[in-house]
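Participant: Hey, can you work out the whole structure from these sequences and the hints?
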Amino acid sequence: MPQTHIPDGVVPTPEQQRVLERIALQRQRLRERRAQAERSAAQAQAQAAAEPGLQRVLEFARAHPSLVAGAVGVALWAGPRRLLRWGSTLLPLLLKLRR
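With the working numbering, the residue at position 8 of the sequence shown is 5, and numbering never jumps.
Treat the hints with care, since some could be wrong.
Unchecked claim - Simulated DEER-style distance windows between Cβ atoms: (1) Q52 <-> T10: 55 to 63 Å; (2) S85 <-> A32: 43 to 51 Å; (3) V16 <-> G70: 51 to 59 Å; (4) F57 <-> L88: 15 to 23 Å; (5) L55 <-> L80: 15 to 23 Å; (6) P49 <-> P9: 56 to 64 Å; (7) L73 <-> L22: 51 to 59 Å; (8) K93 <-> R19: 52 to 60 Å.
These are computed hints drawn from the structure, not numbers from a lab.
Backbone N, C-alpha and C define an ideal beta-carbon position, used for all residues, glycine too.
Facilitator: Next up, the structure:
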């Protein structure tokens, strides 16, 4: 029997019983949906771990086109000399954070 908030010894009316059954079905659907979402997240995480880095970068670029366009714009504005200087400073910091 589904979990109810009806005190012991109280028998629900037929209308109340239908409502309780609908609530139980809805709770079951929500549990199944949550379990499916957890399985999907675990599968996506496992797949992301197995994908090569370039594939992940391309997926990021497809998911965030305006951010990538902004980064390209900043890179063009900065020029190659500044990019190398910034990269030589930021890359070691990023690699430390990644650990």
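Participant: Would you mind marking each hint as holding or not holding in the structure?
Facilitator: Against the structure, the hints:
1. Between Q52 and T10, the C-beta spacing of about 59 Å keeps the proposed range 55 to 63 Å intact.
2. Separation of S85 from A32 is about 48 Å and conforms to the stated range, judged on CB atoms against 43 to 51 Å.
3. Judged by the Cβ atoms, the range 51 to 59 Å given for V16 and G70 holds: they are separated by roughly 58 Å.
4. Evaluation of the 15 to 23 Å hint for F57 and L88 yields a pass: the beta carbon distance comes to about 18 Å.
5. Taking 15 to 23 Å as the suggested C-beta distance range, the pair L55 and L80 conforms, at roughly 21 Å.
6. The given range of 56 to 64 Å is respected by P49 and P9, whose C-beta atoms sit roughly 58 Å from each other.
7. Between L73 and L22 the Cβ separation comes to about 57 Å, which falls inside the hinted range of 51 to 59 Å.
8. Distance hint check for K93 and R19: the Cβ-Cβ separation is about 55 Å, which falls inside the suggested range of 52 to 60 Å.
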